[in-house]
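Asks: The listed protein sequences derive, respectively, from chains Y and W. My numbering applies: residue 1 is where the first sequence begins, and numbers increase by one. My numbering applies: residue 1 is where the second sequence begins, and numbers increase by one.
Hint data in this document are derived by calculation from the structure and do not stem from the laboratory. The beta-carbon is built from N, C-alpha and C at its ideal position, and this holds for glycine as well. Mixed in with the good hints, there may be bad ones.
[Stated by the list, open to error] With a straight-line cut-off of 30 Å between C-alpha atoms, the simulated DSSO-like cross-links for lysine-lysine are:
#1 W/K63 / Y/K433
#2 W/K32 / Y/K462
#3 Y/K432 / W/K63
#4 Y/K433 / Y/K508
#5 Y/K184 / Y/K80
#6 Y/K190 / W/K63
#7 W/K32 / Y/K413
#8 Y/K139 / W/K74
#9 W/K32 / Y/K190
#10 Y/K391 / W/K32
#11 W/K32 / W/K63
#12 W/K74 / Y/K433
#13 Y/K462 / W/K63
#14 Y/K432 / W/K32
#15 W/K63 / Y/K139
[Unchecked claim] Take a look, some chain W residues computed to stay more than 12 Å from chain Y by CB distance:
#16 T153
#17 A157
#18 A312
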Amino acid sequence: MNPSTAKGGTLNVGVAGDVDYMDPARTYYAFSWDIHQLFSRTLLTFPDGVGQQALQPTADIATGPATPTNGDKTWSYTLKPGIKFQDGTTVTSKDIKYAIERTFATSVINGGPSYFATFLCPGGENSSGACTTYGGPYKNKAAVYGLSTISTPSANKIVFHLNQPFSEWNYVMTLFGTSPVEVKVDQNPKTGGANYNNNVQATGPYKIASYVPNKHIDLVRNPAYDPTTDGTRPALPNKINITTSFDSVTLDNDIVANTVDLDIGGTGVQPATQAKILQTSSLKARALDPITGFTRYIAILSETPPFNNIHCRQAVEWAMNKKEQQDARGGIYGGAIATTLGPPTLAGWKNFNEYPGTENGPDVAKAKAALTACGKPNGFHTTIVVTNQGKGPQQAQFLQNDLKAVGITANIKEFDPATYYSSVIGVPANLKKDGYGLAFAGWGPDWPAPYGFFENIVDPRKILPQGNSNYGACSDPKITSLIQQALSQTSPAAEYPFWQQVDETVNKDACDAPFTYDKALDLFSSRLKNVYIEPQFGIVDLRTLGVS
Amino acid sequence: MIRFLIRRFVGGVIVLIVISIITFWLFYALPKLLHSNPAALYAGRSPSPATIAAVSQKLGLDKPFWTQYWDFMKGIFVGRTFGTGVAAAVCHRPCLGFSFINNEPVWGEITSDLPVDISLAIGASIIWLTTGVATGVLSALRSGTIFDRTAMTVALAGVSLPIYFTGLLSLAIFSYGPHWLQIFPNVHFVGFTQSPISWARNLVLPWVCLAFLYAALYARLTRSTMLETMSEDFVRTARAKGLPERTVIFRHALRSAITPIVTIFGLDVGLLLGGAVLTEQVFGFVGIGKLAIISIGDRDLPVVLGVTLFAAFFVVVANIIVDVAYAYVDPRVTYS
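Let's have the full structure, built from the sequences with the hints guiding it.
Replies: Here it is, written out as structure tokens:
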């Protein structure tokens, strides 16, 4: 929308929450990652623009994605020359090695993605996920640059020696844990460790002028940044002001009034504003309704009887009314009907439907037949769990009615969103003990390729005792075997068919029943230029925006 | 008087301790009742058991309840150090800990949000005290007249209309309304030290809305206590002595009627300082009220504790001040 190359001006952004961390190694919110693109460069990044091409990692600090050797275990990257921290120091391969070493110190640097330790722990992590052979660079001086699985043969070369084959490693190199960190800043107790959060040294076109939690983040141009080293950041505005803890309704009104340029939260406008937008053509012209990359689904908890029987699970798939779920989530502007667990914004995505016809409505006959097949022709009783705010309660009620129509009675239990994922559905022992059968869930990928989406939610080996994300507790050995085959492929493209089969198996086994791909109706100010939704986050790409 | 003050001070401290124990316990015991490790909440997505254990240890969540509580209370007076070596985080006194969510010092977060509530309280309280009491006195003196009836009807409206209604209405008219009425576009909080004029300008709408609500209460209260007082014997005596009417009203009647006003005023200002949740929400100010909402939603225990203690502290102190003020306002009250 509104292409332009004019530089200058101040971009005004609002968001209803706050970033979790400014420390690039610790942040895990999608909109926080969008903001980090402005000041934290990474080894690789995603291209500007949309479509499948934008889902393939491209050069940022490194000259390009690596071609692995040694059976997908050795990955070498060359750094571009002329990349500097905001204080003028040149970035070397050691700074990137150190940045990744920090993520091993989970008692200090926690909160962010933990893939580095998983694949770079010498000898592999133990069964509880701890790396006992390297604990981070804070214990003693020898630990700094002490991680043996990353070698830095020269200042502009870095080599990763993974402890197992992993064809999607280039995607891991897009994560902000690879954003370089200066040892002299991080090893100083005043500015480093947990305090680095307030002393982030920028490598991107902008640096942090001020960060006040829950109030605002102000970014100004980074004088040490060399635009000739970068192909993805036009960096048009001179300043970017992000106001956090914005009241949602006020934010919408301000965007309508053009006093704020956009809501970077990416979850869309409030229902009242949605009505206003759809009725006003001038507002509709500056709105976008992208698929965000989140899939909404019902986890059918196979540890809770009678869902241990596949036919009872499939009965739910046939009985669920996806159109009603879509309505509850805001109609066609709130979601698109889903028949696959992976969203269309995933690299290598292909559409399929294991339950044909259900995209239009439930199939009561097939549902009842499934019930008979699992030995419950007269139905059974179960419990639905959902969050108690937003769209959850309505969705649960629709599901309850759908199940009643085929003879399954269900009561609904609602929980606070803050603890729902980590303490309720994330603790498998509790689910089984309390007899919960169906849980509403949503998931978005850590990176837009199959492993980044599927691994934590369907791999049977990833059923954690606490903070679990494999809610359905899918335990089909076929899934494990397919994932292993996928990981041993030598290129992401070769993996796609295996992950495709993983998705199909999960759907056939009815461990998770997807119903919508999330959509969000976003509104922008009329002066905003180069607006589009970057597919890996499902949020507007901050890198390209202009205001002049 | 001194003994009275000491007794009240000790009582206030006890109240604060009890509140802190209860708040602490709620966060400590509730996850245990739900059979889940509270550390999982702060450990990021799909955390390994090792990560949860590390987070648990870092936040001190694996220690027994009284150890955690004692560490927290001690930190307020002498400061606290979390972790060891290079990665140690030092928290100077008064240490209310670090946020579980973004690692910021809680004391810093609260004190940076406090100016919002101080600003709201100062302006609104002066406006509502003066207009409320004045209206009440006038209504009492002109009891039964058109003025009285109009004033009390308006006051009734003020008492019944919630702040989020008056606030949103005022914004709709003066902020987002037609151009010729847009006197206060883009209302947001500006610090006094940043620009006193902008500070005052952005506070006019919240001040007026808040004051309308409280002034109404004070007007009605003042009116009824004045009416009651005006019919007392000592007022008749004062008039009989030939004192000017002005002296009778202000030096004698009002002075006696003011005691309930003083009580309520102290409480109201104390509560307001602890966070004006609805007002902040409506006008988009990030004060202690908003901080409380955010931290409760995030289950950010240290911040919730800090905010709760601050709010309780203001109310306790306000109460003590009010009780002392009694002795000076009402000559019948002595502390011995």
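Asks: Output the indices of the hints that this structure fails to meet, ascending.
Replies: Going through the list in order, the structure violates hints 9 and 12 and respects the others.
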